[in-house]
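Trainee: As a plain string of letters, each chain reads:
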Amino acid sequence: MPEYENPEVPEGINVSEEHPLKEFILLACGIGAAVAVVLFALTLLAQNAAKAIPFEMEKKLAANAIFSADTENLKSSEFEKYLSTLANKLAKQQGLPEGMTITLHYSNQNIVNAFATLGGHIFVYRGLIDKLPHENALAMVIAHEIAHIRHRDPIIAMGRGATMMLILALFTGGDSAVAQQFLGQIGLVTALNFNREQELAADVVALETLQAYYGHVNGAEVLFEVLGEEEGEVPLAFLSTHPMTQSRIDHVISFRDEHDGRGELTPLPEYQ
Amino acid sequence: MLISNVEIIPGRRIIKHLGMVQGNTVRAKHAGKDIMASFKNIFGGELKSYTELLQEAREEATDRMTRQAKGLGANAVINVRFATSSIAAGAAELFVYGTAVELD
Amino acid sequence: MYDILIFLTLMALGFFFGRRAEKKHFKSIRRREAKYRQILAFSERLPPPNTRPVESQLVSGNVVISVDYFKQIVAGLKTLVGGRLTSYESLLERARREAILRMKEQAAAAGAETIFNVKLETASITKGNGQQVGCVEVFAYGTAIIPIA
Numbered sequence: 004m005p006e007y008e009n010p011e012v013p014e015g016i017n018v019s020e021e022h023p024l025k026e027f028i029l030l031a032c033g034i035g036a037a038v039a040v041v042l043f044a045l046t047l048l049a050q051n052a053a054k055a056i057p058f059e060m061e062k063k064l065a066a067n068a069i070f071s072a073d074t075e076n077l078k079s080s081e082f083e084k085y086l087s088t089l090a091n092k093l094a095k096q097q098g099l100p101e102g103m104t105i106t107l108h109y110s111n112q113n114i115v116n117a118f119a120t121l122g123g124h125i126f127v128y129r130g131l132i133d134k135l136p137h138e139n140a141l142a143m144v145i146a147h148e149i150a151h152i153r154h155r156d157p158i159i160a161m162g163r164g165a166t167m168m169l170i171l172a173l174f175t176g177g178d179s180a181v182a183q184q185f186l187g188q189i190g191l192v193t194a195l196n197f198n199r200e201q202e203l204a205a206d207v208v209a210l211e212t213l214q215a216y217y218g219h220v221n222g223a224e225v226l227f228e229v230l231g232e233e234e235g236e237v238p239l240a241f242l243s244t245h246p247m248t249q250s251r252i253d254h255v256i257s258f259r260d261e262h263d264g265r266g267e268l269t270p271l272p273e274y275q
Numbered sequence: 003m004l005i006s007n008v009e010i011i012p013g014r015r016i017i018k019h020l021g022m023v024q025g026n027t028v029r030a031k032h033a034g035k036d037i038m039a040s041f042k043n044i045f046g047g048e049l050k051s052y053t054e055l056l057q058e059a060r061e062e063a064t065d066r067m068t069r070q071a072k073g074l075g076a077n078a079v080i081n082v083r084f085a086t087s088s089i090a091a092g093a094a095e096l097f098v099y100g101t102a103v104e105l106d
Numbered sequence: 003m004y005d006i007l008i009f010l011t012l013m014a015l016g017f018f019f020g021r022r023a024e025k026k027h028f029k030s031i032r033r034r035e036a037k038y039r040q041i042l043a044f045s046e047r048l049p050p051p052n053t054r055p056v057e058s059q060l061v062s063g064n065v066v067i068s069v070d071y072f073k074q075i076v077a078g079l080k081t082l083v084g085g086r087l088t089s090y091e092s093l094l095e096r097a098r099r100e101a102i103l104r105m106k107e108q109a110a111a112a113g114a115e116t117i118f119n120v121k122l123e124t125a126s127i128t129k130g131n132g133q134q135v136g137c138v139e140v141f142a143y144g145t146a147i148i149p150i151a
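Protein chains in written order, with the working numbering: chain F, 4 to 275; chain C, 3 to 106; chain S, 3 to 151.
The hints are simulated quantities; they were obtained by calculation from the structure and are not laboratory data. Ideal Cβ positions, reconstructed from N, Cα and C, are used throughout, including at glycine.
Derived lysine-lysine pairs resembling DSS-like cross-links, with alpha carbons at most 25 Å apart:
1) C/K18 to S/K121
2) F/K25 to S/K26
3) C/K72 to S/K37
4) F/K25 to S/K29
5) S/K37 to C/K18
A few chain C residues that don't get close to chain S, going by computed Cβ distances all over 10 Å:
6) M3
7) L4
8) I5
9) P12
10) I17
11) N43
12) F45
13) L49
14) K50
15) L56
16) R60
17) K72
18) N77
19) E104
20) L105
Covered by chain F, per the in silico footprint, the following chain C stretches (three or more residues, Cβ under 8 Å):
21) 24 to 35
22) 63 to 71
The task is simple: from the sequences and hints, build the whole structure.
Mentor: Printed below as a string of structure tokens:
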């Protein structure tokens, strides 16, 4: 007659004795690094591909996607005409390629900002102009944004952003909605802005434009002083894609000293 | 260690019945293989990487069950059953259980 | 930004509470396993030829255990690199031992001494958002042999 018994089964055979936190950190770092490398390589590719898109097509894209509605109810006041003329003069100085046009939009909102986007559209807010003491600083803003458009920075940024989204969606494979959102956030932060190199290149071109237009770059540094004051409120300075304000001011000053660029400042006209 | 899915081992007598032993494991292949497998889905045919995955998992589960049986002082596991369940997408859960016994 | 904060909070909550619940559960499993040690369970199909009269009864136990958020994320990352999903292993171990224990409890209530032909079934009930496992059900059943006094 066989015996029947149930001795105690040894513990821990069916579970791995690894600390979950350690495993998580290793995994997160490893996968993070791999994703970063792939992202970097592919966005580089996408950026170069985006540059090849003709400006005409970019304009159509922008017209369809963004500006179909609000370009029509723009009223042209004296001040807007003045801004447009200034932008056109600066654009002429920069020598834009064939077919590239600049459309300037003025917005009567109290936001300290100005940006360039797809299709050669530049937005300037009253909040920023209020803080600028003379036309030279305003010209610096506009010349800087025109330079972005000349360098095709908006379409490059879009190419970069689209690639990032695509890859992250592929990687997470819809595994976890929150993980996807989390990664999507990182994608947004880096995609919607131009990178430091693009900003610096735009600064250089803008200074050259001002030098050619006014014969000096006096007053250009005021723009960065104003932006620096604004940026003081942003705690995540290391995340900002704009080069450190101080280094931009230094750059303007060294450019001015090199070109012996001191001259009369032009005042801004009256506006509301 | 003798592993069998019948209860009576011909020519051997069971001296002691030691109760249930189990082995389980959850395993996955890396994303690259998952992507290759999804391509393979278009053309059909054997998904070698998944065959491999399930075989590895089965071996590991069996190994764990054997270790439990050894811990009980058994020299055979009889009436062994394998079960597969899908716990997470792209991962295979292999479970094997049987009765640990001591044969003469 | 808020999404990241929510994500991190969920991770921390999942980690601390999940770990605490798991430790507590394992402790309770060990305690109850010792208590029901005298009830023997076998996966063999046939009970031993008996000399004394017995009754038989189907006994079963089931349990549904949910995975915590932290483990879910770790497992999700692990499926990218491949290998063992260690975070699900302990989940299944807990579920199986708990199901067997509940089956034994039922057998004990019926006055049984042994359970034969024990079978275990595993099912994942909810495949959560994006096919992630939400919780796992384990069902254990077998035939309890009750000696007639």
